[in-house]
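Please arrange chain B on chain A, whose structure you already have, making use of the hints.
Order-wise, the sequence lines are chains A and B. Just so you know, we're using my numbering here: the first sequence kicks off at 211 and counts up by one. Just so you know, we're using my numbering here: the second sequence kicks off at 211 and counts up by one.
It is possible that some hints are incorrect.
It does not matter which identical chain is used: a pair holds within one copy or between any two.
Calculated lysine-lysine pairs in the BS3-like style (CA-CA distance at most 27 Å, straight line) [claimed, not checked]:
hint: 1; residue 1: LYS389; residue 2: LYS233
hint: 2; residue 1: LYS362; residue 2: LYS345
hint: 3; residue 1: LYS341; residue 2: LYS233
hint: 4; residue 1: LYS389; residue 2: LYS376
hint: 5; residue 1: LYS389; residue 2: LYS360
It is worth saying that the hints were derived from the structure and are not from the lab. Small disclaimer: the values here were computed from a predicted structure and weren't measured.
There are 2 protein chains.
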Amino acid sequence: MLKDLILRNRSYRRFYQSERISKTQLMEWVDLARCSASARNSQSLKYILSNDIGLNAEIFELLSWAGYLSNWKGPGEGEQPSAYIIMLHDTLITGNYLCDDGIAAQSILLGAVEAGFGGCIVYTVNRNRLKEIFKLSDQYEIIQVLALGKPKEIVVLDEVKNDDIKYWRDENQVHHVPKRSLEEIIVRVN
Amino acid sequence: MLKDLILRNRSYRRFYQSERISKTQLMEWVDLARCSASARNSQSLKYILSNDIGLNAEIFELLSWAGYLSNWKGPGEGEQPSAYIIMLHDTLITGNYLCDDGIAAQSILLGAVEAGFGGCIVYTVNRNRLKEIFKLSDQYEIIQVLALGKPKEIVVLDEVKNDDIKYWRDENQVHHVPKRSLEEIIVRVN
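Only chain A is shown next, with the shape it has when bound in the complex (with noise of 0.2 Å):
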């Protein structure tokens, strides 16, 4: 059931490290991705995939995390994602890639929840730096990172009040997102 899924696909942002990540795994994933509509099917997003401890550590240090929790500097040593998928935009394909990053993104991570794993998408990016490291060359545009692996914690949905969508956490760890109502977000039923 698709509503289960979607419910169960929150942004997780600590994680089981340990808890590893297949090659295999990651590539299913972006298969999803592949398979899902295109803007005029020009398919100009490309992915960099890691399950690498080392890379992983590396690429760690030039994402920031959760900019609402400003006394949380993101998570520490031995809940930080097992794995990342990087997706570009290759620009020799196309200038424009409208809505193909959401749909690949969001392809992706329900993949990633219907695994038993989940994710973040991070935008928050030394973009320079990263592309330092996989030498990248100008074509390539880093659009996202996407962060993945086991969650480590509990993220819940509740209702917006005064307007108030920042996310926060309890004294329990837990996460807790403001979602406006329906109500709020269809302006018009005809």
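Here is chain B on its own, set in the frame of chain A:
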């Protein structure tokens, strides 16, 4: 199984127009988007739903279909969508919704496929006229239109040959979509 759902979730452009979609059903699909990830949890995406025959006809006139099928002007009477979800960006909430649009579109379309329907993301839209129809203020930008219905065409995935990614229709009106291989889109695995 998600893979099966993703494979069935093709971009459909011809429908059994008489097969209606209820407002409740449309709201359930929007609810899937509502429960999906949002950049900084801003949730600036909003929606207009239509399953009204008269309004559908007005919306239909403002859409362009299948750029690569130059001899096809879009679905004829009897094969047009039976519902639309118009995705808006509420600019009063945030300036930048990152990849929320693709995430939401994928959630909605996967929901439609699971329920035995399907759809197509349409970006070539007469946005000014559409805003007039719904008397939308400048608070809202129209991002895309999701055209929905009971699919009346067969869509198959092929391999890309000679770097030609244009979709095409064969003599039996089967719609062919060439997809790049996993080897082509994975730049590096570590």
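Structure-based check of all given hints:
Taking the shortest Cα distances, LYS389 and LYS233 sit within 27 Å of each other only across copies (21 Å), while inside one copy they are farther apart (34 Å). Taking the closest pair of Cα atoms, LYS362 and LYS345 never come within 27 Å of each other, the shortest separation being 33 Å inside a single copy and 47 Å across copies. Within a single copy, LYS341 and LYS233 get their C-alpha atoms as close as 21 Å, which meets the 27 Å cut-off; across copies the closest is 47 Å, which misses it. For the identical chains of this complex, LYS389 and LYS376 are intra-copy neighbours only, at 10 Å inside a copy versus 39 Å across copies, given an alpha-carbon limit of 27 Å.
For a Cα distance limit of 27 Å, the shortest separation of LYS389 from LYS360 inside one copy, 24 Å, qualifies, whereas the shortest one across copies, 30 Å, does not.
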